[in-house]
Amino acid sequence: MDRPTSGPVLFDGLALGALPESRLMDVRGRSFGFVFQSYNLMPTLTAAENVEAALVPLGVPSVQRRSRALTRWPRSSWRI
Numbered sequence: 685m686d687r688p689t690s691g692p693v694l695f696d697g698l699a700l701g702a703l704p705e706s707r708l709m710d711v712r713g714r715s716f717g718f719v720f721q722s723y724n725l726m727p728t729l730t731a732a733e734n735v736e737a738a739l740v741p742l743g744v745p746s747v748q749r750r751s752r753a754l755t756r757w758p759r760s761s762w763r764i
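If you want the working numbering, it's the 1-based position in the sequence shown plus 684.
It is worth saying that the hints were derived from the structure and are not from the lab.
All clues stand as given, with none of them false.
Cβ-Cβ distance ranges computed for the label pairs, FRET-style:
no. : residue 1 : residue 2 : range
1   : L739      : L708      : 19 to 25 angstroms
2   : E733      : M685      : 25 to 31 angstroms
3   : D696      : P741      : 18 to 24 angstroms
The beta-carbon is built from N, C-alpha and C at its ideal position, and this holds for glycine as well.
Starting from the given sequences, assemble the full structure and let the hints guide the process.
Here it is, written out as structure tokens:
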């Protein structure tokens with residue numbers, strides 16, 4: 685995340701420009717998402733494994749990753 689060149693940038697009551705890099709990375713990792721123009725899925729993984737992969741950098745334990753991937757998947761006819 686880029687630092688502001690002028691003026692404060694507030695998010696959820698935090699002045700992002702004043703945060704140390706480690707805290708800024710934590711806020712970004714837990715509060716912001718990215719929407720890519722292409723899927724960027726890992727072709728050797730299943731859909732559920734691709735969802736789980738996004739939780740690894742957040743330190744989510746493997747059992748919880750699997751549970752989240754399966755229970756929070758949108759209700760659809762897709763097989764994961």
